[in-house]
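Novice: Chains as they are written, first to last, in our numbering: chain C, 37 to 331; chain L, 37 to 331.
Treat each hint with caution, since some may be false.
Any copy will do: because identical chains look the same in the list, a pair fits if it lies in one copy or spans two.
[Stated by the list, open to error] Mimicking SDA-like on lysine to any residue, the simulated pairs with C-alpha atoms at most 25 Å apart in a straight line are: (1) Lys139 to Thr207; (2) Lys314 to Glu248; (3) Lys134 to Thr207; (4) Lys144 to Leu98; (5) Lys134 to Gly149.
What the hints contain is simulated information worked out from the structure, not anything from laboratory work.
Letter by letter, the chains look like this.
There are 2 protein chains.
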Amino acid sequence: MKCCETIEELRSTLQVWRCSHPDGSIGFVPTMGFLHEGHASLIRRSAEENQLTVVSIFVNPLQFGPNEDFERYPRDPERDTRLAEEAGADILFMPSVKEMYPKPVVTKVMISGLTDKLCGASRPGHFDGVGTVVSKLFNLVQPDAAYFGQKDAQQVAVIERMVEDLNIPVTIVACPIVREADGLAMSSRNVYLTPEERAQAVVLSHSLQRAEAWFDEPDLTVGEIRRRIAEHISSSSPLAEIDYTDILSYPDLENPSQDVPIGDLPGSSRYIAALAVKFGATRLIDNRIYTVKGR
Amino acid sequence: MKCCETIEELRSTLQVWRCSHPDGSIGFVPTMGFLHEGHASLIRRSAEENQLTVVSIFVNPLQFGPNEDFERYPRDPERDTRLAEEAGADILFMPSVKEMYPKPVVTKVMISGLTDKLCGASRPGHFDGVGTVVSKLFNLVQPDAAYFGQKDAQQVAVIERMVEDLNIPVTIVACPIVREADGLAMSSRNVYLTPEERAQAVVLSHSLQRAEAWFDEPDLTVGEIRRRIAEHISSSSPLAEIDYTDILSYPDLENPSQDVPIGDLPGSSRYIAALAVKFGATRLIDNRIYTVKGR
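Just chain C, same shape as in the assembly (with noise of 0.2 Å):
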């Protein structure tokens, strides 16, 4: 595996791998480093499906307010570099923030309508940083096909929106959230956690289960559901702060009706429901797709 760490480099490496492989597709994996077992069955997927991987990390001041984790972020580039090689990538991109940044950005690009909802509300700019950085590494590696985890549902939903807004040349693949043994998502603000907040965070995924059982009930509403949702969140876990629990239709998430009985909406049609809970200072997400049967 090759680390490139200027733009220059990694450029000159994909043009010399490009010009001896004039058929060659490649994958790439952007991700913000401290690398876990969902970032590796991202970096898998992509080397079966093509010939060549890039993976970059890169903590992205842009997509962080100011009272975010930018700064302590968890980082360990060692044990990422073993990581991903072993992973399968044969191309890794660890640029500095001036590296990226060398100037004041100025030039952003912004996904509106999709991205007031979700994290985008609590996190205003979040998604401005998000559709820039990927932007850019899009442009740099040049990929044939990128993959996303479906963890960060709404950042698939946004970059999916932007790439055909754009019409960027790449196919966007989005792989299924990795968990826990207990069930909890991999994230890397999972070690964060303290012990006791680390058995109480299980009640995400949980409660995302219990919630398959009610999506079959017809007569429950979507807002029931939420209600059910954040109860079982709140009666479980006393140390969990509830930031959203919300249900959206999928992939466009549009707000349902709040009252429309879970029969009557319309049957085979997909709904996402998404959770933000934070425990202390740490912000955890997931999410979980469900499929409306009709009456």
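Based on the hints, put chain L in the right spot on chain C.
Specialist: Same frame as chain C, but now just chain L:
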């Protein structure tokens, strides 16, 4: 010359060409059509410097304000097709608005700072529309080089900054302004002018020409040169209504202090005088770049 009206047709045509010309470079000339000798000079330059030249004709609604001339912007696809082919275009891309914007536009490329002066000040949102459509076209064509007329000096500066900020793999080539025999900068909008307006419109280039001598007078201030340019326009052309006459550093487009004598500006530094002047409902722009000699 091959004409493409759909994105699919353009992409497949380019793919076939790329396969048979693995080392061929692609030049791109994005236009809004109603081609004149200025556009032809860009197409010829691209054809000289590349193996394939793509010209696009698309009147982009996103860069017109609600009270601007989108609907009545002049169009002549048949003449344009002939002109593009004569100048050396290999592929002409003429998409409909529906083809370029099949869905409501939620993704925009916004460039701040550079865009709040000159035309950006009098046409709010204009450069977001330019940045967005040029990003889309670059992603569709994936050219090695793109050719723009220096007449839209601010547009060139904005696109150069966008390309740099977003790491878009394209070289921007700014080409000299092409003028009518009497000095009027060529523009698709010149056809709007009545014979009387057309005769007076020469005042833009004449005032910029005069300023050449004023930039050689070390004791004149920036503000005084601006005043003289404006005075020359108003006194020579009763039909002229000035939108702006500005002098900015080039290429950064920063405002120099208005009280600084030319002789005190750093030697060899460059300044651009940029004008926007209305004749009736027709808004014309022109500019010229001056190099300061120092005392």
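Novice: Can you give the numbers of the hints that this structure goes against, from lowest to highest?
Specialist: none
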